[in-house]
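Trainee: Those protein sequences? They're chains Z and E, same order as listed.
Residue numbering for the first sequence follows our numbering, beginning at 1 and increasing consecutively.
Residue numbering for the second sequence follows our numbering, beginning at 1 and increasing consecutively.
Any given hint might turn out to be false.
[Unchecked claim] Restricting the straight-line Cα-Cα distance to at most 27 Å, the calculated cross-link-like pairs of lysine-lysine (DSSO-like) are:
#1 K44(E) x K163(Z)
#2 K26(Z) x K163(E)
#3 K158(E) x K26(E)
[What the hints assert, rightly or not] Facing chain Z, from chain E, some residues (calculated, C-beta under 8 Å):
#4 T8
#5 P39
#6 A101
#7 L108
#8 N121
#9 Y139
#10 R166
Source of the hints: derived by calculation from the structure; they are not laboratory data.
Note that CB positions come from ideal geometry on N, CA and C, so glycine has one too.
Listed below are the residues making up each chain.
Protein chains: 2
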Amino acid sequence: MQNLVLETIHARRSTRAFSSAQIDTKSLEILLDAATWAPTGMGKQLWQFTAIHNAEKNLELAKTVAKALERGEDYNFYGAPTSILVSYQRDENHAFLDGSAAVQNVLLAATSIGLDTCWINQIRVCCDDPAVRALLRSYGVPDDHIIIASIAVGHGTKTTAPKPRRDGCVRIVE
Amino acid sequence: MQNLVLETIHARRSTRAFSSAQIDTKSLEILLDAATWAPTGMGKQLWQFTAIHNAEKNLELAKTVAKALERGEDYNFYGAPTSILVSYQRDENHAFLDGSAAVQNVLLAATSIGLDTCWINQIRVCCDDPAVRALLRSYGVPDDHIIIASIAVGHGTKTTAPKPRRDGCVRIVE
Chain Z
1 MQNLVLETIH
11 ARRSTRAFSS
21 AQIDTKSLEI
31 LLDAATWAPT
41 GMGKQLWQFT
51 AIHNAEKNLE
61 LAKTVAKALE
71 RGEDYNFYGA
81 PTSILVSYQR
91 DENHAFLDGS
101 AAVQNVLLAA
111 TSIGLDTCWI
121 NQIRVCCDDP
131 AVRALLRSYG
141 VPDDHIIIAS
151 IAVGHGTKTT
161 APKPRRDGCV
171 RIVE
Chain E
1 MQNLVLETIH
11 ARRSTRAFSS
21 AQIDTKSLEI
31 LLDAATWAPT
41 GMGKQLWQFT
51 AIHNAEKNLE
61 LAKTVAKALE
71 RGEDYNFYGA
81 PTSILVSYQR
91 DENHAFLDGS
101 AAVQNVLLAA
111 TSIGLDTCWI
121 NQIRVCCDDP
131 AVRALLRSYG
141 VPDDHIIIAS
151 IAVGHGTKTT
161 APKPRRDGCV
171 RIVE
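Can you build the whole structure from these sequences, using the hints too?
Mentor: Here's what the structure looks like:
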């Protein structure tokens, strides 16, 4: 194929087991910068990318989310030492579109520099739970933002096999 | 930087003027394949990627969308010869998330092979207009799908300057 972009698009996996080794700040900054270069509707960029770059704080967030959603004791963002929270101004038409494009940039950028990731949906669902919102506020996430997604980031401890692509999803009308 | 993924994330632009030159089928297939490798919630992949790889049909779609939305006579997907429609099963929780990640894959894949693109939001808004839906049906887009986005694809005729990134969108909590 000889095209690192296409190779990376194929190589990206959802990692669900991370080592405790923290990622370095330089790598984190690369991911956050990649996020900001996604397209936004009308170029509005009404988003924020908040990295929880502290394993203890990240686990505290996971436990708070688990409580809000009545998940089990083992809910821990798969042990990832860092999360990147993608938030967007509430009630903005393009919030989920822009935010998801930014997530995909982060996932691909991470793959390209040898980091592993998992797209996490739980905070999106419970970002207005009072305990979750209090934590988000303490990180500087604006109260008028919703969470689009969080991204678990770290070093995976096992290889994830590619999931087969569903047949019949592509059509070309000539 | 020396990382083609990061370079491509930075180099991607929204192109709003295309030549009439059609893209070749091989390139189109690369873009459609890239779309299918985006992540999906629970791995469901309840999407379809439908390419309108015919300038006349693509213009007919633009004109039908323009009529539905009372846009001007000059609405023509910026003259792009091809559109890729990203659709997803209606009422699926992850539809906009998964679909937007797939769009971003297409935008980056296109940039990496020298094609230009623009993320188009209008069909999303009017995909249930009767005339628009009739056209979508004629392309094989399932009636129980909504349009997440369309992507204008072709060869740009002018360079788009990068839009400055908004300040203060990134926070790191240590």
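Trainee: Each hint needs a verdict: does it hold in this structure or not?
Mentor: Results of checking the hints against the structure:
Of the supplied pair hints, the one linking K44(E) and K163(Z) holds, its CA atoms being roughly 10 Å apart against a limit of 27 Å. Between K26(Z) and K163(E) the CA atoms are separated by roughly 24 Å; this keeps the pair inside 27 Å, and the hint holds. Distance restraint check for K158(E) and K26(E): the Cα-Cα separation of roughly 24 Å lies within the 27 Å cut-off, and the hinted pair is therefore satisfied. A least Cβ separation of about 5 Å between T8(E) and chain Z falls short of the 8 Å threshold, and the interface hint therefore holds.
Interface hint status for P39(E): upheld, as the beta-carbon distance to the closest one in chain Z is roughly 5 Å, under 8 Å. Hint status for A101(E) relative to chain Z: holds, with the closest Cβ pair at about 4 Å, below 8 Å. Restraint check, L108(E) versus chain Z: the minimum CB separation of about 6 Å is within 8 Å; hint holds. Because the beta carbon of N121(E) sits about 6 Å from the nearest beta carbon in chain Z, less than 8 Å, this interface hint is met.
A distance limit of 8 Å between C-beta atoms decides the matter here; for Y139(E) the minimum to chain Z is near 5 Å, and the interface restraint holds. A least Cβ separation of about 4 Å between R166(E) and chain Z falls short of the 8 Å threshold, and the interface hint therefore holds.
Hint compliance for this structure: every hint is met.
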